[in-house]
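Here the structure of chain A is known, so what remains is to put chain B in place on it, guided by the hints.
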Amino acid sequence: MSLEVRGLSFAYGEHSVLEDVSFSLEDGQMLSVLGPNGVGKSTLFHCILGLLTPQAGEILVNGQNIRLLSSRALAQKIAYIPQSHSPTFNFSVLDMVLMGTTAQLSYFSAPGKPQLESAQAVLEQLGISHLAQRGYAHISGGERQLCLIARAMVQQARILILDEPSANLDYGNRIRVMQTLRALAAEGYGVIQSTHDPDQAYLYSDRILALSRGKVLAWGSPRDTISNSLISRLYGVEVEVCSLREDTFRVCVPAAQRANKKGVTLC
Amino acid sequence: MNDTKSKWTYPLILWALGIALAAAIVLSVTLGRYPIRLKELCGILLSKVVPMEPFWSKTQASLLLQHRLPRILLACMVGCCLSAAGAAYQGVFQNPMAAPDILGASSGAAFGAALAILLHLSSSMIILLAFSSSLFTVTLVIFFGERAKGTRVLGLILSGIMVSSLMSSGTSFIKLVADPTDQLPAITYWLMGSLNGSAPKDVLFALFPMALGLVPLLLLRWRINILTLGDAEAQSMGVNARRLRILVILSATLVTAASVSVSGVIGWVGLVIPHLARRMVGNNYRYLMPASMLLGALFLLLVDDVSRNLLATEIPLGILTSLIGAPFFICLIMKGGDKV
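Going line by line, the protein sequences match chains A and B.
This note's numbering numbers the first residue of the first sequence as 1 and each following residue consecutively.
This note's numbering numbers the first residue of the second sequence as 1 and each following residue consecutively.
The following block holds chain A by itself, in its conformation from the complex (with noise of 0.2 angstroms):
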C-alpha cells in the first residue's frame, strides 16, 4: 500500500496552515515529520486521516483518492495513533484494543470470536499479552503508546499514523516504542510518526519531511536531510549535527556546547 500526498493546502477561514505539501510513502517505509509545534503537523494528520477537509490538493492511498472513499474503508486502510492519553473512562486493555475492530463489524454488533483473536494474536505479539485484563488507565505510558499500536493493528490498516509516539515516554520506554514501529515497518506497515527528535528521527526513518511555516522545508533521505543548517534553521537555534559510526547515528548538539569539544565529524 502506498500513500500519496499531492500540492495539499490546508486554511483555518483566513488563517493559512499547509501550504503545497507534496510526499509519498510506501509500504515498509518509515516517515518522520520533524518541525517546530504548531506548524500544522497534527493538521496534516487530520487531513490525511479524513477528519479535515483540505481546500486543495489530494491525498491517494494505493492511488485512490481518499475524499471517494466512506470513513469506514479509510479506517481499514489508515489507523491514527495518538500520543498516549487518559481517557475518560478507564476500559481494560483488551476492551480498549478490540474497539479497534469495530470498522470490520456490521453496525450493530459487538466484537466476537474471530476480533478477540486477533486481538489477542496482536498483544501477543507486541509483547503485552499480560496487560490485556489490566485497566488503561493504571498502565504506563509505553504500555498505552503499546496498546494504542495494537488497537491500530487490529484495525487492519497497513498505514499508521503516530502522533509524537515517544513524548512523554521514558527513555527506555521510547527506545522500545521506536523498535516495535521500525518491526512493524519491516512487516510492511507504512509508518509516519511526527516527532521532536532529529536523532531518532535519522536512526529509525527511512524518509523524513521537514515543515516550516506549513511548508516542505526539506523531503528526502535522513542522509539528505538531516544537517546543521535544517535543524538550524527548522527550530530557530543554533545547533551542529555531528555524525558517528560511520553516518550510522547523527546526533544533534547545540552548538554554544560544541565549541570546544573535539573528535567528532561534522556534516
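I should point out that these hints are in silico values taken from the structure, not numbers from a laboratory.
Glycine residues also receive a C-beta, built at the ideal position from the N, C-alpha and C atoms.
Among the hints, a few may not be true.
[As the list claims (entries may be wrong)] In silico SDA-like links for lysine to any residue, alpha-carbon gap of 25 angstroms or less:
#1 LYS58/B x LEU204/B
#2 LYS113/A x LEU218/B
#3 LYS7/B x GLU124/A
#4 LYS201/B x GLY32/B
#5 LYS175/B x PRO316/B
#6 LYS113/A x THR9/B
#7 LYS335/B x GLN133/A
#8 LYS149/B x THR53/A
#9 LYS7/B x VAL122/A
#10 LYS215/A x ASP199/A
#11 LYS7/B x GLY135/A
#12 LYS335/B x THR88/A
[Claimed, not checked] Derived list of chain B stretches under chain A, where covered just means 3 residues or more per stretch with a C-beta under 8 angstroms from a C-beta of chain A:
#13 94–105
#14 213–221
#15 233–241
#16 279–289
[To be verified] Partner residues aside, some chain B positions facing chain A, computed with beta carbon under 10 angstroms:
#17 GLN90
#18 GLY91
#19 ASN225
#20 ILE226
#21 THR228
#22 LEU229
#23 GLY230
Coordinates of chain B only, in the frame set by chain A:
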C-alpha cells in the same frame, strides 16, 4: 483476573441482577396496606389465561391489576430508562457527571406538566404535554448546540444548561401565577416525582417511546465505547461520531422524556446507578448498558416500595432518591478504585 474468569463474570452478574429484579417484583406485589399474597397473585394472573374459580376478593383483583401492578411495572420501566439514559449521556459527553437531564429533558417536561396543570387539563393531557415539551426542549438544545462555535460536545452541554434554565424560569412563573389552593400543590407535587396513581394507561403510554429508545441503546452499546474516546479517534476507527452521537442522544432523550412525563422529576437515579454499575461490570458498555438498566429498575422499584409503605402518607420518590442517592454517591467517590 484470568481470561476465562472475566469472560463469564460479567454475564453472570447480569443474570444475577435479572433474577434479583424478578424476585423484587414478586415481593413488591405482596407489599402494601391491602394484603395480596403470592397465592392470590398467581391466581389473579392465571385466571386471565385459564378459567378458574376465584378464591380472592374483587377488591384484591382490581387493586392488583389497576393500581399495584401498573405502579410496579412503571417503577421498573422508569428506573431502567433513567439509568440507561444516564449511562448513555455519560458516554456521549465523555463526562462521568452527566445525568439524564443534562440536555433539559426534565426541565422541559416540568414546564409542560406545570402548564397543563395551570390550564386544568386532564391527567392524560398532563403526561402528553410534559412529553412533548420535553422533546421540544431537547430539540431546541440540539439545534443551538450544533450551531455553537467550538467543540460540539461543549456546545451541546452549554446550550443544555441555558435552555434548561429558560424552561425553569418558565416553570417558576407558572407557579407564581397558579392558584395557591389547588394548582400550586399539584405542580409542586409533580415536580417532586411520584408514581402515586399510576394506571394501566400510563404503562401503555410510556411503553412505546421507551421501547423505541431502549432498543437502539442496547444495539449501539458497543459503539458508545468508541464515542467516549472523542471524535477524532472515533472517526479514525471508521465510526461516524456525529451521526452516532445524535442517534444515542435521541434515544436517551426519548426514554427520559417518557419517564419524566409519567413519573415527574426523579433525580439521582440516572447518575448514581450507572456509576454503581460501572463498579460491578466495568466501563465496557456491552455489559454496562444492560447492567445499568437492570440495576436502575431494581433500585427504583425498591425505593418506590419504601415510598408507599414506610409512612401513612406517600413520600415523593424524588425526595427519597436524593435522600438515598446523594450519600450513596459520596460513599462511591470516597471509596474510589476502578473495577479493572
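Structure-based check of all given hints:
1. Between LYS58/B and LEU204/B the alpha-carbon distance is near 23 angstroms, which keeps this suggested pair within the 25 angstroms criterion.
2. Taken as a hint, the LYS113/A and LEU218/B pair is honoured in the structure, with Cα atoms around 20 angstroms apart against an allowance of 25 angstroms.
3. Under the criterion of a C-alpha separation no larger than 25 angstroms, the hint pairing LYS7/B with GLU124/A is consistent with the structure, at around 19 angstroms.
4. Of the pairs offered as hints, the one joining LYS201/B and GLY32/B holds, with about 21 angstroms between alpha carbons and a cut-off of 25 angstroms not exceeded.
5. Of the pairs offered as hints, the one joining LYS175/B and PRO316/B holds, with about 19 angstroms between alpha carbons and a cut-off of 25 angstroms not exceeded.
6. Restraint check: the Cα-Cα separation between LYS113/A and THR9/B comes to about 17 angstroms, which is no more than 25 angstroms; the hinted pair holds.
7. A distance of roughly 22 angstroms separates the Cα atoms of LYS335/B and GLN133/A; the hinted pair therefore holds under the 25 angstroms criterion.
8. About 18 angstroms separates the Cα atoms of LYS149/B and THR53/A, which keeps this hinted pair within 25 angstroms; it holds.
9. Between the alpha carbons of LYS7/B and VAL122/A the distance comes to roughly 19 angstroms, so the proposed pair stays at or under 25 angstroms and holds.
10. Straight-line distance between C-alpha atoms of LYS215/A and ASP199/A comes to about 22 angstroms, which keeps the hinted pair within the 25 angstroms bound.
11. Taking the CA atoms of LYS7/B and GLY135/A, the gap is about 16 angstroms. The hint holds against a cut of 25 angstroms.
12. This hinted pair checks out: LYS335/B and THR88/A have alpha carbons roughly 18 angstroms apart, not beyond 25 angstroms.
13. By the rule of at least three residues with a Cβ nearer than 8 angstroms to a Cβ of chain A, the coverage given for the segment 94–105 of chain B holds, with 3 such residues.
14. Counting residues of the segment 213–221 of chain B whose C-beta sits closer than 8 angstroms to any C-beta of chain A gives 3, which meets the bar of three, so the coverage hint holds.
15. As drawn, the segment 233–241 of chain B meets chain A at 7 residues by the rule of a beta-carbon pair under 8 angstroms; at three or more, the given contact holds.
16. Only residues whose beta carbon comes within less than 8 angstroms of a beta carbon in chain A count, and the segment 279–289 of chain B has 4; three or more means the coverage holds.
17. The criterion of a C-beta within 10 angstroms of any C-beta in chain A is met by GLN90/B, whose closest approach is roughly 8 angstroms, and the hint holds.
18. The restraint placing GLY91/B at the interface with chain A holds, with a minimum CB-CB distance near 8 angstroms, inside the 10 angstroms limit.
19. Look at ASN225/B: its Cβ gets to within about 6 angstroms of chain A, closer than 10 angstroms, so that hint holds up.
20. A distance limit of 10 angstroms between C-beta atoms decides the matter here; for ILE226/B the minimum to chain A is near 5 angstroms, and the interface restraint holds.
21. Because the closest C-beta pair between THR228/B and chain A is about 5 angstroms apart, less than 10 angstroms, the hint holds.
22. Nearest Cβ of chain A to the Cβ of LEU229/B: about 6 angstroms, under the 10 angstroms cut. The hint holds.
23. A cut of 10 angstroms between beta carbons decides the hint on GLY230/B: the least distance to chain A is about 8 angstroms, and the hint holds.
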